[in-house]
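Please model the complete structure; the sequences and the hints are all you need to start from.
According to the numbering used here, the sequence shown holds residues 1 to 158 in order.
Be aware that a few hints might be false.
As the list claims (entries may be wrong) - What follows is a list of derived Cβ distance ranges for each label pair:
| no. | residue 1 | residue 2 | range |
| --- | --- | --- | --- |
| 1 | E64 | S22 | 27 to 35 Å |
| 2 | I153 | E64 | 38 to 46 Å |
| 3 | A45 | M133 | 19 to 27 Å |
| 4 | T95 | L31 | 35 to 43 Å |
| 5 | D11 | D35 | 13 to 21 Å |
| 6 | D82 | Q130 | 17 to 25 Å |
| 7 | D61 | D26 | 41 to 49 Å |
| 8 | N63 | S25 | 42 to 50 Å |
Said to hold, decoys possible - In silico DSS-like links for lysine-lysine, alpha-carbon gap of 30 Å or less:
| no. | residue 1 | residue 2 |
| --- | --- | --- |
| 9 | K67 | K87 |
| 10 | K19 | K87 |
| 11 | K134 | K67 |
| 12 | K134 | K102 |
| 13 | K65 | K87 |
| 14 | K67 | K85 |
| 15 | K65 | K102 |
| 16 | K21 | K85 |
| 17 | K102 | K21 |
| 18 | K87 | K102 |
| 19 | K19 | K65 |
| 20 | K65 | K21 |
| 21 | K85 | K102 |
| 22 | K21 | K87 |
| 23 | K19 | K102 |
| 24 | K67 | K102 |
Hints listed in this document are in silico derivations from the structure and should not be mistaken for laboratory results.
As the structure is a computational prediction, the values presented were derived from the model and not from experiment.
Heads up, the beta-carbon is just placed ideally off N, CA and C, and yes, glycines get one too.
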Amino acid sequence: VYKVANLDPSDILSNVLSKVKSRYSDSSDQLGELDISILVVDFSARELKYSGLNQNVYYFDSNEKMKMLNGGNQPWSIIGGDIPKLKTTFAEDITEIYFISKNLFNQSVSSENGSSEEISFLQYRRTIHQESMKDQSTRIIENMSNDDSKCMIGLSIK
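Put into structure tokens, the structure is as follows:
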């Protein structure tokens, strides 16, 4: 969500969960657990507010440090699931933001230096984050071509 007012991601997410519960309560036996998150970005101030369930967001600041905002470690279930108490976390001085699926987060990537060793996906992210989003995408696809069940969304704020 692009910041256009004083939006609180926890309020938005609570509202979404309430509507999901209301809409799908009759078919709750067919629904699994839900990982969901939302972030509000203020591009001019390079700030973000974040809230989530079982999903974290990663970002780089202007000092080239990769950091994480925690969205909790439990998914939400519509079956007997009350709307959880959500928290909003805040970060400033951001240059890039990434939603990385948990399956991708735990992935190992072949090192590009010609050796046979592998590095963690987050280590790999650190080595390529200064490239354009398009080039990052191309390199990730090339290094993980046998695995298409992962997801990452990136946003540059430079």
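Checklist entry - Which of the listed hints are not met by the structure? => result Violated: hints 1, 2, 6, 19 and 20.
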